[in-house]
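Trainee: Okay, here's what each chain looks like letter by letter:
There are 2 protein chains.
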Amino acid sequence: MSESLYVVKIGGNVIDNPEACARFLKDFSELTASRILVHGGGKVATQMASRLQIETQMVDGRRITDKAMLDVVTMVYGGLVNKNLVAQLQASACNAIGLTGADGGIIRSVKRPVKTIDYGFVGDIEAVNDFQINALLSSKLVPVIAPITYSNEGLLLNTNADTMASATAVAMAKSAEVKLIYCFEKKGVLSNPEDDASVIPLLTPETYASYKSTGAINKGMIPKLDNAFAALEQGVAQVIICHADDLKQAVSGSAGTTLQLK
Amino acid sequence: MSESLYVVKIGGNVIDNPEACARFLKDFSELTASRILVHGGGKVATQMASRLQIETQMVDGRRITDKAMLDVVTMVYGGLVNKNLVAQLQASACNAIGLTGADGGIIRSVKRPVKTIDYGFVGDIEAVNDFQINALLSSKLVPVIAPITYSNEGLLLNTNADTMASATAVAMAKSAEVKLIYCFEKKGVLSNPEDDASVIPLLTPETYASYKSTGAINKGMIPKLDNAFAALEQGVAQVIICHADDLKQAVSGSAGTTLQLK
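Residue numbers (my numbering), protein chains in the order written: chain A, -9 to 252; chain B, -9 to 252.
Just so you know, these hints were derived from the structure itself, not from any lab. In this text, all values refer to a predicted model and were calculated from it rather than measured experimentally. Any given hint could be a false lead.
No copy labels: a pair is met if it fits in one copy or bridges any two.
As the list claims (entries may be wrong) - Below, a list of computed lysine-lysine pairs in the DSBU-like style, where the Cα atoms sit at most 35 Å apart:
1) Lys214 / Lys164
2) Lys238 / Lys57
3) Lys130 / Lys209
4) Lys105 / Lys16
5) Lys214 / Lys105
6) Lys238 / Lys176
7) Lys130 / Lys101
8) Lys130 / Lys16
9) Lys130 / Lys202
10) Lys164 / Lys130
11) Lys252 / Lys33
12) Lys57 / Lys202
13) Lys105 / Lys177
14) Lys238 / Lys105
15) Lys101 / Lys33
16) Lys57 / Lys33
Take these sequences, add in the hints, and give me the full structure.
Mentor: Structure (structure tokens):
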């Protein structure tokens, strides 16, 4: 466990709001540790699909990525969103390099097998190339990763950005002390969903179990937190859940919710 | 002058033809030297603009890149085209990494100043970061560069792919023996434009002057060849002009037209 590394995920709500995004990027560019940014897509892909008259396919309430939608996602996430984030970071003297999982072969996946639902061009992550990512970090580059992976067959595959962030954090934990930071629209994990001031500063498996048993942490957050604790069990040092405006305070432990094994 | 480096440019005619593109990528993936691919855009951006009902702005017969068209170019060249090339190369065990000029700050430009025509979001190259490109090549990565650069202000800018290829070749010539290879739809520079078999195998400044004086090399080719000789004068070892199907033969000198200072 040598150097410290931040793996930061920002969601679509930040991407969709230019002012919030600019504030976030400024804070991100001012961090001094090695860092990786993983971004979601936001509404731009859905809007673009609608302008191109590509219908969003739904099966049993789940969105399907057909070839036309894959092209939209590749254009919007891998091109428009990713390159604008990179150019803005470069203008703030942060040496960003925009990547999908295909670039440098950093995140490889397999097309999701068809069971009851055919999700189409969706990837389930198989391997994160931490060696290649470390080579980029050693060149003082800051990877900015779009939610697209690739398969051995040369397919591009739509992939969940939260999962890409946690898989990357777990792989990098072999060689660095990794903090995985999820930035979203709330101040952290709340003990009372109605009260934005009720941020829980620290969650361990024990306190998490207790908040679940009282119902204070409810179903929406449970899969997210289960995944976060799974990342900790696989070697990630800390998971932090915070508001996108609070990145700098959150990495120093003075904002958001920190999850640790003990 | 140490290692040998190929800077290969493919144009839109290859991008637009999936079979030709797959053949080219297979050959490119089998080269063993360090190499960089620079790609043009092809018709996809124009088609996408038309589907999005974005009008192509023309002033005095020149295409203008307004903000809507810049977004299309960023999506299509930086996303759709670039990432599909990368995924196909990865499937052929070529460790491609897709980049615009903004990524790693490799190619910076300035927004073209308005004189008689405002070209909009078009970049004139100011600096190629050969140090950063060398760092990627040292990691055994194969840069695949889309025709987009960035400015100090964080703008993305549409940029001519031929110019990006020659500027990259010139910058890399400081540290490598560079062959700059333009792949297009002809077998090479022809002494008789009506006869595809009339490829001129070798052009020096002297023979070029003589072909020009007889009119055998005519206006369409002259600016391209002038630019190629300018690259040679700035340190590039050879420029090769060949058919996209002949890449492997061309690098060994048995196809296409080779340009050298002597």
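Trainee: All hints, please: hold or fail.
Mentor: Each hint, compared with the structure:
no., hint, verdict
1, Lys214 / Lys164, "within (22 Å within a copy, 50 Å between copies)"
2, Lys238 / Lys57, "between (39 Å within a copy, 33 Å between copies)"
3, Lys130 / Lys209, "neither (40 Å within a copy, 46 Å between copies)"
4, Lys105 / Lys16, "between (44 Å within a copy, 34 Å between copies)"
5, Lys214 / Lys105, "within (24 Å within a copy, 55 Å between copies)"
6, Lys238 / Lys176, "within (15 Å within a copy, 56 Å between copies)"
7, Lys130 / Lys101, "both (32 Å within a copy, 27 Å between copies)"
8, Lys130 / Lys16, "both (18 Å within a copy, 32 Å between copies)"
9, Lys130 / Lys202, "neither (41 Å within a copy, 49 Å between copies)"
10, Lys164 / Lys130, "both (19 Å within a copy, 22 Å between copies)"
11, Lys252 / Lys33, "neither (38 Å within a copy, 57 Å between copies)"
12, Lys57 / Lys202, "neither (41 Å within a copy, 49 Å between copies)"
13, Lys105 / Lys177, "neither (38 Å within a copy, 50 Å between copies)"
14, Lys238 / Lys105, "neither (43 Å within a copy, 44 Å between copies)"
15, Lys101 / Lys33, "both (24 Å within a copy, 29 Å between copies)"
16, Lys57 / Lys33, "both (19 Å within a copy, 19 Å between copies)"
The structure shown violates the earlier hints numbered 3, 9, 11, 12, 13 and 14.
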